[in-house]
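Undergrad: Chains as they are written, first to last, in the numbering used here: chain A, 1 to 181; chain B, 1001 to 1503.
In case anyone wonders, no lab produced these hints; they're calculated from the structure.
Glycine residues also receive a C-beta, built at the ideal position from the N, C-alpha and C atoms.
Treat the hints with caution; some may be incorrect.
[To be verified] Pairwise CB distance ranges (calculated): (1) A:107 x B:1477: 48 to 54 Å; (2) A:79 x B:1197: 26 to 32 Å; (3) A:120 x B:1053: 18 to 24 Å.
[To be verified] Coverage of chain B stretches by chain A, computed from C-beta distances (three or more under 8 Å per stretch; other residues unrestricted): (4) 1122-1132; (5) 1203-1215; (6) 1400-1414; (7) 1425-1433; (8) 1473-1484.
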Amino acid sequence: MSPPSAQEIAVDDPTAPEPDSPAVTTTRTAEVVVYVLLLALALLLGFDNWRSGMGWAKDGPQSGYLPFYLCVILAGASVFGLGITLLKRKEVSPTFVTRDQLRRVTQVFIPTLLFCAAMQWLGLYVASFLLVAGFMRFIGRIAWWKSLLTSFVFAFAMFATFDVAFDVIMPKGPIEALFGR
Amino acid sequence: MEAITLLLHGFAVLLTWKTLTLMMIGLLLGVFVGVLPGLGGPNGVAILLPLTFTMDPTSAIVMLSCIYWGALFGGAITSILFNIPGEAWSVATTFDGYPMAQQGKAAEALTAAFTSSFIGSLVAVILITFLAPRIAGFALRFGPPEFFAVYFLTFCSFVGLGREEKHKTLISMALGLLLAAIGMDTVSGQLRMTFGFDPLLRGVNFLVAVIGLFGISEILLTMEERLALRGHSAKISLRVVLKVWKELPRYWVTLLRSSAIGCWLGITPGGAIAASFMGYNLAKRFSKDPASFGKGRIEGVFAPETAAHASGTAALLPMLALGIPGSGTAAILLGGLMVWGLNPGPLLFVEHKDFVWGLIASMYLGNIVGLVIVLTTVPIFASILRIPFAAVAPMILVSCAIGAYAIQNAMFDVWLMLLFGVVGYVFKKIGVPLAPFTLALVLGNRSEDAFRLAMIGAGGDMRVFWSNGLVGSITTLAFILLFWPLLSRIFAGAARLRHAPGP
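Hey, can you work out the whole structure from these sequences and the hints?
TA: In C-alpha cells, the structure reads:
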C-alpha cells in the first residue's frame, strides 16, 4: 500500500485475521449444535410449564398454557431445522468461523469476561481503564503512552458523565474510595 | 385541522433551551454511532438509554429519537467515503455513492444522501402527523380481543412476510415470547420458569437482551473482519449543496417512489434494509439508462437513502398509534416508554398529549437540525474513522456494560448481556433473524395479558376472536399472512395447472 495522500484517510489493522485461514467449523455443524441446544431448552422449559399447569381452567388458560405451547413451537421448529440441515449435502456448507477469526473473537470475549468479573472488585471505572488500555496495546498494537492516556481520559470521562453528571450509580472499588466517592 | 394545532403545541413544548440542547447532543451522538462500524441505530439507542432514566419522558424521547435520526444520517458517510456501510440499510448507498467519491464527487454524493434522507423522513413524518392520531382514535374502541388480534397479526406478518427461512423466524419469535414469560405471571401470580433462581424472578429485562444481542454481538462480528480502511475525506461547500439542490426537482419521481416504498415497508415489518434495496432496484428498472447505475449516478444515491430514511421514520407510526413497533429501533424506544412509566398504545394520544406531539414536533425539528449538522460537520465525522477500531471497541464494550448494569443495578444483568452477546453472534452467523426476537420480547407480556383478559371476558371461548367484524377480519388476515408462503405457492400451482395443456 502506498502512503496515503492528504485527502485520504487510512487506518491499519495489524492483528487482522488472514483471509485464507483454515475453517474451524462449518455453518452446518453450528446449526446442528444450536438446534440441539434449543430443543433441550424447549424440553426443559416445557416440562416446567407442564408442572405449573398447562391446561384450561374455567375462565381461560392456566399460567403455563401459552408458554407450554410456545415450547412446542420452539421444539417443532428446531426439529424441522435439524432435519433439513442434516439432509443438506455436507460439501456445500459455508465456513462458520476460521481459525484466525476465532482467535480474534476470543481475544475480545475473554478480556470482556474478565472485565465484567473485575468490575465487581475494582469498580467499573478502574476495570474499564484496564480493558481499554490492554485492548489498544495488545490488539491494536498502539504505543503504550497513547493507550494509557486514552484509556485514562476515557475512564475519567465516563466517571464524570455517569457518576457526577447523571447520578447513575455503578459499582465502585478501592480507588474511588480513596477519593471519598 | 386539529393535527396542526396540536403540532404547534408540540413545537411549543419543544422550544426550550434544555430540550434543544438535548436534541443537539442526541444528533451528534447519533451521527457518531452511525459512522462507527460495529455500532448502529438500535445499538446506539439501547446503550445510551440509561442516560435518560433520570430525565422526564419528553426530554428523554427527544434525545433518543435524535440519536436515531443521527444514526440514519451517519450511515451514509462511511458508505460513500469508504465503501463501508455503517449500517445495513446504507449498503445500497455504496453502489453509486462510492464510485462518485472515487470520481472526486464525494461532496455531491454526501449532499445528495443527506438531502434525500431528509426528504424521505419528512414525507414519513407528515404521514405520521395526520395518520397516527386517526389510527389511535380508531384503536381507542379496541378491547382485549382486538388488541390480541393486532399483536397476533404483527407476529404472523413477521413469519409470513419475512425473507428468512420460516423455521428460523419461528424459533426467534418463540424464544423471545418464552423469555418474556419468565418470572411472575401477572394474572395468577404464579412463578414461571424461574427454577428457584432468585434473579430470574424479575424476568429477563428487554433492554439487557437488546444491548447484548446488538451491542456485544456486533463487536464480536466486526472483530472477525479486517478493519483496515482507506477512503476519501470530504468537505462540503455551499456551492455544491446549492448545485445538488437545484438538480433535485428533476428526480421528483424517484424521490416520491422511494418515499412511498419506505413508508409502506416501515409500517409493515419489511424494514429500512429491504426498503433501501427496493428503492434502488426500482429506480434502476424505471430509469431510461439502467446501465449507468453502479457507476456513480446521483439517482442511485437518492433512491436508497430516501427509502431507508422514510422507512426508519414510518416505523414509529404503529409504535405511537398502537404500541406496536415497526422495527428493532422502534421496539427499543417502546421499551424506553415503559421504563419512563408511560403505557404505549392509543391512549397515549389522549393521556400524554405533550409527550406525543412533542415527539412528533421533534421529528420535524430533529431532521432539519440534523441536516444542517451533517452538512457542516462531515469532515469531523469522517476523521473519527482515523481512530483505530481497537480503541473504539473496548469503549463500546464498557458502555454496553454500564447500560446493562444501570437498568436494575444488578450484576446478573451484566452476565445475561454477555450471554445474549454470544447468542446474537451465533444467531447472526447462522441466519436466525433477531428482529422477531426483539419484537416478541417487548410485546410478549402485553400480548399474553390481552389474550388472557379476552379469555376471561369470554369465559374461555376462543370464538371471541371472530365475535365481530373488526376482530374477525384482523384475526383472519393474521392467519392469511401466517400461511402466505404456502397460499401463494398453492395459487401459483393452480394457475400453472389451468394453463397447462390438457391430455
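Undergrad: Report holds or violated for chain A covering the segment 1122-1132 of chain B, Cβ cut-off 8 Å, minimum 3 residues.
TA: Violated, because only 0 residues of the segment 1122-1132 of chain B bring their Cβ atoms closer than 8 Å to Cβ atoms of chain A.
Undergrad: Could one say that the CB atoms of residue 107 of chain A and residue 1477 of chain B fall in the range 48 to 54 Å?
TA: holds, 49 Å
Undergrad: Are at least 3 residues of the segment 1473-1484 of chain B within less than 8 Å of chain A when you compare beta carbons?
TA: violated (count 0)
Undergrad: How does the segment 1425-1433 of chain B fare against chain A when you require at least three residues with a CB closer than 8 Å, holds or violated?
TA: holds (count 6)
Undergrad: Three residues minimum, CB to CB under 8 Å: does the segment 1400-1414 of chain B make the cut for coverage by chain A? Let me know.
TA: holds (count 7)
Undergrad: Three or more residues of the segment 1203-1215 of chain B near chain A by CB distance under 8 Å?
TA: Since three or more residues must qualify, the claim that chain A covers the segment 1203-1215 of chain B is violated, with 0 doing so at under 8 Å.
Undergrad: Is 18 to 24 Å a correct range for the gap between the Cβ atoms of residue 120 of chain A and residue 1053 of chain B?
TA: At roughly 22 Å between Cβ atoms, residue 1053 of chain B and residue 120 of chain A fall inside 18 to 24 Å, so the hint holds.
Undergrad: Honestly, do residue 79 of chain A and residue 1197 of chain B meet the 26 to 32 Å range at C-beta?
TA: holds, 28 Å
When held up to the earlier numbered hints, the structure conflicts with 4, 5, 8 and fits the remainder.
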